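Colleague: Chains as they are written, first to last, in full-length UniProt numbering: chain A, 1 to 87; chain B, 1 to 87; chain C, 1 to 87; chain D, 1 to 94; chain E, 1 to 94; chain F, 1 to 94.
Honestly, the hints are just simulated from the structure, not real lab data.
None of these values were measured; they are calculated from a predicted model.
Treat the hints with care, as some may be off.
[As the list claims (entries may be wrong)] Heads up, simulated BS3-like pairs for lysine-lysine below, C-alpha to C-alpha not over 25 Å straight-line: (1) E:K73 with A:K43; (2) B:K16 with C:K15; (3) F:K40 with E:K73; (4) F:K54 with F:K40; (5) E:K16 with A:K43; (6) C:K62 with B:K43; (7) E:K41 with D:K40; (8) E:K40 with E:K73; (9) F:K77 with C:K15; (10) A:K16 with E:K40; (11) C:K62 with A:K15; (12) D:K40 with F:K16; (13) F:K77 with A:K19; (14) B:K43 with A:K19; (15) A:K19 with B:K15; (16) A:K15 with B:K16; (17) C:K15 with A:K16; (18) D:K16 with C:K19; (19) A:K16 with B:K19; (20) B:K62 with E:K40; (21) C:K15 with A:K62; (22) B:K16 with D:K77; (23) A:K15 with A:K43; (24) F:K40 with E:K40; (25) C:K43 with C:K15; (26) C:K62 with C:K19; (27) C:K16 with F:K16; (28) E:K54 with A:K16.
[Unchecked claim] Have a look at the derived ranges for each label pair, beta carbon to beta carbon: (29) D:E81 with B:Q10: 20 to 28 Å; (30) C:S47 with F:E21: 17 to 25 Å; (31) E:R48 with C:E20: 37 to 45 Å; (32) C:S47 with B:F21: 46 to 54 Å; (33) C:A79 with F:E23: 35 to 43 Å; (34) D:A84 with A:K19: 24 to 32 Å; (35) A:K16 with C:S47: 37 to 45 Å; (36) A:L1 with E:K16: 39 to 47 Å.
For every residue, glycine included, the Cβ atom is placed at its ideal position computed from N, Cα and C.
Residues per chain are reported as follows:
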Amino acid sequence: LNPQEQRELQSRMEKKQMKEFMNVYSNLVQNCFNSCINSFETKSLTSREESCVMRCVDKHLKSQTRLGERFQEQNAAMAQAGGLPGR
Amino acid sequence: LNPQEQRELQSRMEKKQMKEFMNVYSNLVQNCFNSCINSFETKSLTSREESCVMRCVDKHLKSQTRLGERFQEQNAAMAQAGGLPGR
Amino acid sequence: LNPQEQRELQSRMEKKQMKEFMNVYSNLVQNCFNSCINSFETKSLTSREESCVMRCVDKHLKSQTRLGERFQEQNAAMAQAGGLPGR
Amino acid sequence: MSFLFGGRPQISSEAKIAQAEAEIDMVSDMFSRLVNSCSKKCLDRDYREPDLNKGESVCLDRCVSKFFEVNVKVSEKMQGEASANAAGGSPFGI
Amino acid sequence: MSFLFGGRPQISSEAKIAQAEAEIDMVSDMFSRLVNSCSKKCLDRDYREPDLNKGESVCLDRCVSKFFEVNVKVSEKMQGEASANAAGGSPFGI
Amino acid sequence: MSFLFGGRPQISSEAKIAQAEAEIDMVSDMFSRLVNSCSKKCLDRDYREPDLNKGESVCLDRCVSKFFEVNVKVSEKMQGEASANAAGGSPFGI
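The shape of chain A in the complex, shown without the other chains (with noise of 0.2 Å):
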């Protein structure tokens, strides 16, 4: 790619990490509320789901910058070794 491509590429790159990013705040939204609000005798979150929603959010996030660590460590193992068999 020369530079006015890679430049393309970039651009292109930033609006799909935004994308990415509103991504990963809806899904954490979606499962946490799916994990830890099952009553709906009230219209308000008890202190109970809020702590749970918290903790949830918290764990979440942990895990999902420790899969990324890994990830990037076996993909650069990988393109060492020679990438996908098929590639």
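Following the hints, complete the assembly by docking chains B, C, D, E and F onto the known chain A.
Modeller: Leaving out everything else, chains B, C, D, E and F in the frame of chain A:
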């Protein structure tokens, strides 16, 4: 956005709406199929399965209308209160 | 569609096909991983897990081929009968 | 991006292609949903053998039939609602 | 494809439209996730009747409330983390 | 939209960028599937504490390893099938 930009946004919104309508439709097909069809002794729908599908579609459409109304209300209330804290 | 338009549609279809092929592949990986890998006592696949994955891929590929054939048949039959009632 | 170029010919080309594309997308989306539903309903989850057994095969065939039937029923129903509400204007008259 | 045409006016038009589009996409994505979650939590799975019963209706209303609240909590939390980490630069300052 | 402009340079630029983009999309799709699968397999669903405990951490690490291995096995298998069927022409020779 100037008028020309608004027209462009408008036209993209129309495409999105068509896409979303198709998505609502496909979700109905899939959800009601998954919920109502559990036996494959026959090639055609039994009358029991068929009426389950009809009730399922009805209920989901009503549910979506209701959820849409509440969503709009909450969204309006939140916009007035200054939006999501981060905005 | 005139020939130029057909060429454009053709080229978009090719991109879609590549994307869909990748999607079939990724679904296989995810489904067979989810079905066959349930213990994390070890870092590597056990031989039991590995052969489960192999059978799982085989079965899903055969299943998709069969579903594709039936889908085509039904689609053709429906097109002859005048399409989905709404079209 | 049609507004950057203007001119009807391209717009209408683009629109025709977009419509053909939308129909193909619709069919292929339906197929992937069918694959998802029918695999879950019909395949033994333990994968003891690599081949489809008789039961799975028959189940898959019937599953496709029933999925199409549900598709038709839902489509008829939504058209009924649309014409009841709007007295005309089918949601599928793309 | 802006690099093919260059020129700031189009780029900035495109950028403004893209931003408006992104916001609409975000809201509509949230709505479809809410529909998915609240239908699962609130609707009886056996579909014995076509209408929402009292219990389902109340459940749906509260489900929307709670979904919004979770949304706010998660958003606040992620901003807190972001400002703790970076001392500035909110992830939502689109 | 290449047909609107014609000319090889743009087409080939566009194609090269599209290919780079497709590879990145593929990797990021795999990552989000891995996150989905490994979170479900490894995280305690009750969220009693905000930190990963020892068991969850080890499970996540091994989960990534196994997910990659499955990826390689499936890829090898599909190439085997492809070359058996077509005697050449790998599905991954993007």
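Colleague: So which of those numbered hints doesn't the model satisfy?
Modeller: 5, 10, 11, 12, 13, 14, 21, 23, 25, 28, 30, 34 and 36
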